[in-house]
Every structure is written in C-alpha cells, then in structure tokens.
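Undergrad: The lines below spell out each chain.
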Amino acid sequence: MRARLARFAVSAAVIGAALLAWELAVRFGYLKPYQFPPASRIARGFVELSTTGFPTGVSIWSHTLVTIGRVLQGYLAALVLAIPLGLLIGALPFLDRLTAPVVVFCRSIATLSLLPLVIVWFGAGELTKIVLIAYGCFWTMLSNVIAGVRYVDPMLIRAARSFGVAGIELYRTVVLPAALPRIFAGARMALGVGFMVIVGAEMIGTIEGLGALIMEARTFYRSEITMIGMLVIGMLGFAISSGLAGLERLLLPWSGSLDEVRR
Amino acid sequence: MAPRAHLALRRPEWSRGEHPVVNVPFIEISSVRKSFPARGGGAVSVLSGIDLAIAENEFVSLVGRSGCGKTTLLNIIAGLEAASGGSVAIAGRPVTGPGQGQGVVFQQHALFPWLAAVDNVGFGFRNAGLSKRQRRARSMELLRLVGLQAAATKYPRELSGGMQQRVSIARALALDPQILLMDEPFGALDELTRIELQQELLRIWQARRKTVVFVTHSINEALILSDRIVLLAANPGRIKRIFEVGMERPRSRTAPSFNALYEDIWNELSS
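Residue numbers (my numbering), protein chains in the order written: chain A, 1 to 263; chain B, 1001 to 1271.
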C-alpha cells in the first residue's frame, strides 16, 4: 500500500514537473502557445467550452453527448448485424472459405476513405456518420465472431463428442460458450474503431460532436480546444472500454482472459 | 470391491445382458489401419495392421515414441476417428461412434472452462435423461469419488492441473462406462501429483472394475499401472511387442523385477 502510494506520488510529480516546464517554456517564448498550448490555456479553454461553448452555444457536454449518441448507434447496428452473421459463417466452413477474402478485403479498407462515396449515397446528414461508424465496427466485429467460433480448442470438441454430443447441440453447448471471450474482445476492439472513425465522420456537415469541435478549432488556430476534444475522446473510450471489461467479468466469470491481457 | 451384479444393473441399456463369453476378447482390434492423404498426393500411414485383443477389466498401456499412432488408436477405439481399414469391436459389437461404453480422459485443458467442476461432470449426463437434480447428485457423487467434492463450484481455471485431471476422470465415469480410454492424462503433471493420481486411478479401477486403455510416454507409469504394456513402433504405427507385467499391485518402483522389465522395455524401445 505504502509502495503504491509512493509510486503514485512519483508519477504525479513527474507529470506535474513536465506540465510546469511546458508552461514556463511557453511563458518565456520557447514554444508557441498555438502550437503547444500549456495546461493553463487548456484549463481556460475548458471553462469557455463548458460555459459559452465553442462554437458559441454548443457546450462540451452537448458535443460529447452527440458523439456518444452517434458512436452507440453505429456500434450497436454493427453488433446486431455482425454477431448473427458471424455465428452463421463460423458454423459453416464452406461459407467461411467463401467469405474470408471479402471480410479481409473490406476490413482492410480504411473506413474514412469511404467518406466521399457514403456522402454521395446518404447525403451529408446523420445517416452518413452512423453508416461510417457501423462500417468500421462491423468488419472488426465480424472477423472476431467468425474467429471465435472457428477456432474452438479441438480438445473441447473431442471431449463433447466423446459423450455423443454433435451437430447443433455441440454448437450450442460447446462452440458458442467457447467463442464468447473472443466475441467480447471483438466488441471492445470494435468500440475502439468506432471512436477512431467518429472524428473523421464528424468532419463534414455538422458543428456538433467532438470531431466537429476538433475541426472547428483548427480553423481558428485554437489548438487547446483540439486537445480538449482529444482528451475527452480518450477518456470516453477508456471509460466505455472499462465498462465493457467489467460487464465481461460479470457475465463470463470463468474466463481468465481479462486477467492475462488488460485491455 | 463392489459386487458385479450391482454394477451390471447400472450399465446403460445397450450392454445389458451382453456379458462377454469367456475367451471372447472384450475389445477386439483387428487389422486396423489409418492413413491420411499426404501433401502432394499419396498417403501417410499412421497405423498399419494393428491386431490386439483386450480382456474385460484388463489394464493395458500403449507406449511408444511420438508419432507411433497411439493417440490415433485410442481415438479409433473411442469412436472419435474412423479407421481407414479393419475393425474395432466392443463386446462383439463393431464400434461406429462414441457412446458405446467408452469414457475418455484427455490430456489437458479438456474441461469446459465455462462450467464449474460439478457441471463439467454433469456434462457427461447430458443425454442420459436425468433431471437436473439427479444430474447434480450423481455428479457430486463422482466428485466425491475423486476427492473433490469441496471444489464442486470452482471453475477449471481455479483448479490445479492435478485437480483438473481428477474432474476429467470423474466426468469420463459419468455414464459408468465399461471402458476407460486415457490419453496421456497425467503427462503434464508434476511428479508428485502424477504418482498420487496413478494411485487414485488404480483405486478407482479396482473399485469399479473398468477395462482401461492408457496411452503414456512413460515406461515407469505403464509399469506401475498395467497388466500388459503394448509397445508401438512408428512409420507406420504398428505393434512391436507386448509385455506382460504380472507383478502384484501395489508395485514397488525399486523392486528388481520392476527394474528388469523397465530395462527390457527400454531396450526394445530404443533398438
């Protein structure tokens, strides 16, 4: 306990010293404030963002809520489509062989490169943003669900077969539960993708959302606001990912995978 | 030791009233071969011309180097793999799949990680037409047999390797199989746990009268446990020689006869 406290104090001191050095470097003119906004400026920017808002009238809270709403809609749409489809493809080897090239191909296309096309198809409104997020999350989720179902430890399959369990019963009682940790890992990864796509998706046709905030700040050389946008996205991603990890620990208490890889 | 009549009552239906006649082998393996298609055409022969008769209640070990096909042979007896030729019969009935009286204990990590110990054992009763309560009661009984009733609600990852293999044995015993097929079940355990489980297995084998086919890398283990040791050679897998152990149990690892036989097997294995 004491050692942990000491470690915490040391890291706090290091971070504090770095921030102080940064602050002083800007004050004495070694760094330009619009390139490297110091902590004091970021703090002032945060006060402005949470009161008057930036652009005026849109506070950091509504930016955040709008972004969360968009990410969740796209993310959930992706899960709803990818999980059943992945369970089906994973169950049928011939279907997996057939679709594997498509999955790898689509997964490899950077989601944002689709932006121009998606605008042509769906306009520059909400739907476009949600479709982009859903696209990014979908392929990550799909390939993880397929992999989870396909690569079940053959020893478990043999054990179940030795009791005469086969076919759909085998899938339901062994393959599905065995695939759950991988499916959860896929859900966490897909969420990360969603937050990565959001900034690009919000670059067009909106002044609301953290992505829009970041782009708008660029126009006015308000680097500290860009940094606040990044920080909030980072914290959101972290919080939701921890929430998912907690959910996994609750639903899959038997799986030790989280103890081994904390992600 | 439990009386035979009592056990016969608990046998699954398929075997009822089918006690093997004297001199008819209980497990009869005749000219079994197994080959896989090779890369670039042709076939790799894993087993060729295996003939082996195993008596009821006999404890037989299969010993040999990696690649001699001992696990494949076990899988064929278990009905988990089909032979490319020849046949295996249990009590006169050709083996066409699992569930003909074979219980299998696998190497390691064959417990379902999402099921607590008691439910892993209960998995064995899936298709036995028992109520949930009966299943649980039977599973607890089997856990008690392997000395693990206290760990019933633990998940496999919370159990040591030795405890996991005890649960595996309990699970394999679920349907009271006449045959216990064991695929290097103690191979990954430390020496002390291994000796403990060997004793445990002998106790269960003697109390429940099973026919055991036991695959192992360890000559020592085979000598402690078996009535007969079947030495397999590789490329293609075939029976090289069969050793009768014929020593009283419990056996001493330091007895001269033990060491002499060890020497014989070792010489045969390395020649």
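Because the hints were derived from the structure by calculation, they are not lab data.
Accuracy of the hints is not assured; some may be wrong.
Computed from the model, here is a short list of chain A residues facing chain B with C-beta under 10 Å [claimed, not checked]: (1) 161; (2) 168; (3) 169; (4) 252; (5) 254; (6) 256.
Please read these numbers as outputs of a predicted model, since none were measured by experiment.
For glycine and all other residues, C-beta sits at the position ideal for the given N, C-alpha and C.
Undergrad: Was the hint right that residue 168(A) lines chain B, CB cutoff 10 Å?
TA: violated, 13 Å
Undergrad: Hint validation: residue 256(A) versus chain B, beta carbon distance must be below 10 Å. Holds or violated?
TA: holds, 5 Å
Undergrad: Per the CB criterion, is residue 169(A) less than 10 Å away from chain B?
TA: Residue 169(A) check passes; min Cβ-Cβ to chain B is 8 Å, inside 10 Å.
Undergrad: With 10 Å as the cut and Cβ atoms as the points, is residue 252(A) at the interface with chain B?
TA: Check passed: Cβ of residue 252(A) comes within 7 Å of chain B, closer than 10 Å.
Undergrad: Just to be careful: measuring from the Cβ of residue 161(A) to every Cβ in chain B, is the smallest value less than 10 Å?
TA: Holds - the Cβ of residue 161(A) comes within 10 Å of chain B, reaching about 6 Å at its closest.
Undergrad: Regarding the hint that residue 254(A) lies at the interface with chain B, is the smallest CB-CB distance below 10 Å?
TA: holds, 4 Å
Hint check: a violation occurs at hint 2 only; the rest are consistent with the structure.
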